[in-house]
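Asker: Chain by chain, the residues:
2 protein chains.
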Amino acid sequence: MRLPGRPVMRDFSRGTAHLSVNTATLRKQLTLPGIVEACAARGIPAICPWRDQVAAAGLDATARQIKDAGLVLSGYCRGGFFTAADAAGLKAALEDNRRAIDEAATLGAPCLVLVVGALPGALQGTPAYTDMRLARSQVVDGIAASLDYAKAAKMPLAIEPLHPMQAADRACVNTLEQALDICDALDPERTGALGVALDTYHVWWDPKLEAQIARAGKQRLTAYHICDWLNPTRDLLNDRGMMGDGVIELKKIRGWVEAVGYTGFAEVEIFSDRWWSLSAGEVLDTCIARYQTVA
Amino acid sequence: MRLPGRPVMRDFSRGTAHLSVNTATLRKQLTLPGIVEACAARGIPAICPWRDQVAAAGLDATARQIKDAGLVLSGYCRGGFFTAADAAGLKAALEDNRRAIDEAATLGAPCLVLVVGALPGALQGTPAYTDMRLARSQVVDGIAASLDYAKAAKMPLAIEPLHPMQAADRACVNTLEQALDICDALDPERTGALGVALDTYHVWWDPKLEAQIARAGKQRLTAYHICDWLNPTRDLLNDRGMMGDGVIELKKIRGWVEAVGYTGFAEVEIFSDRWWSLSAGEVLDTCIARYQTVA
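These protein sequence lines map, in sequence, to chains S and H.
Numbering (the working numbering) for the first sequence: 6 to 300.
Numbering (the working numbering) for the second sequence: 6 to 300.
Hints are computed from structural coordinates only; laboratory data are not their basis.
You may find that some hints are simply not true.
Identical copies carry no separate label here, and so any pair may be met within one copy or between two of them.
[What the hints assert, rightly or not] 25 Å max Cα-Cα, derived SDA-like pairs, lysine to any residue:
(1) LYS257 to GLU182
(2) LYS257 to GLN183
(3) LYS256 to ASP91
(4) LYS213 to LEU128
Keep in mind it's a predicted model, so treat the numbers as computed, not measured.
Start from the sequences, fold in the hints, and give me the full structure.
Answerer: Below, the structure written as structure tokens:
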């Protein structure tokens, strides 16, 4: 019996209709053309490629190969890194984001994922400053300055809140609430031009997660990424877990996401020295099996 | 010129009047009696000891030694770990917290710090369940069930929000906002019996930090811990930085804390394989120097 008001979740137990693979998951095993081939061979209908992989394979060739293989994109990784130590750096970041938007459009991506940046230079080891409020204000300015260009290209921008353990070096947007505050400020009309990429790895711990997913609604839930939080976790970047190997309540979170009307892909994105050490086939077969059982 | 409404921060540049050392900072170098001695010898007026160290040295002997040395406590570490897989486990946790409250009272601590617990068993490697909402509800129940005992003992409980990267195994209270929500629920009269232990390491990343510190106010800011976030951070537990070696805006955060009237100690708590490998004297001298310059 279906309870009133309680939407039935999509059935993932057969097939792969809603599965996407973020190509970073296989970046150590295969080049992008090989990943496209391997996904197509297994009936995985979507991927989310990274810019460096696309650049290595060629933008137009990649667009063609993906189309010929019958795949679609669940997103394009990534724009962002809007913070900088000086005006020249801020300008360069905006220009780079425009290129990323153009590439995403050429590839037919449904959104450009934004890893917004944090303390500039921190990722390279030496932060130019430590003022988190300044970093956050530069991020808002950078998204604001990119939005018209993105709208003209009909390319939605998806802010990805990153886990607080990556607040210093990768993204100073660290909760879904904070990302939605930015959406409210820059796109109050909810045009769909600005949304969020929700990655279970980054947000699973958040006591406000369910409420903020409801707040986001379908229009702002632009992408949904899955993997698992291992217990224990041995590295802050490259020890993500395969779905089912950790503690994240994946079905519960997907239930919240689908309750607001999300109908897009569940995109598997796993940065993991362990999974990078296995064959691409084994990784993809495991992705499919876990997608069907625990995601 | 002092701007109206802008409180002057306490001057830490000379002396050690507001410095406390959490004894975990030296747990690999010295036993508790040795730490008390070393702190007293340097004019450090306060410590925050851990239960296991106190147990090893003897509760009454420790209370005596601390008093004789002229030291005071800035807190007692730690109660908490309220979650469990079954009723027996929940009961055992409550009993253990009562013992911790009694010990804190014997030692004359101003508060018992609560690391509230998370998925039960996760710290030992095997979580008994993964339902974060259940864990959080067990935590609220556990604090509620401990509060009368704590009040009778005149021992304030200080909820310590832990960094979200420790949400699975150590504490499912992960933001100051969440901790204050619990305070509001269980002690709406703001009696002072329930507050928070604010550790810069756990909360520095939070975009709502300043606002939530203002919300906490003097009555709920029961303890203030300092150390630094290293960039990069190589371990989720034991790679904390000495103040000044990382990216946390320590003076800015202390400014927010003192703006609401906090007059207590700045307690240095550093879990670090690097600092544990140095001599206790070198660590303490560095703590004093950094306290005077960057904290």
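Asker: Does each hint fit the structure? Answer for all of them.
Answerer: Status of the hints after comparison with the structure:
1. LYS257 to GLU182: both (19 Å within a copy, 23 Å between copies)
2. LYS257 to GLN183: Answer is both; intra-copy 22 Å and inter-copy 21 Å each pass.
3. LYS256 to ASP91: between (44 Å within a copy, 24 Å between copies)
4. LYS213 to LEU128: between (28 Å within a copy, 24 Å between copies)
Taken one by one, the earlier hints all hold for this structure without exception.
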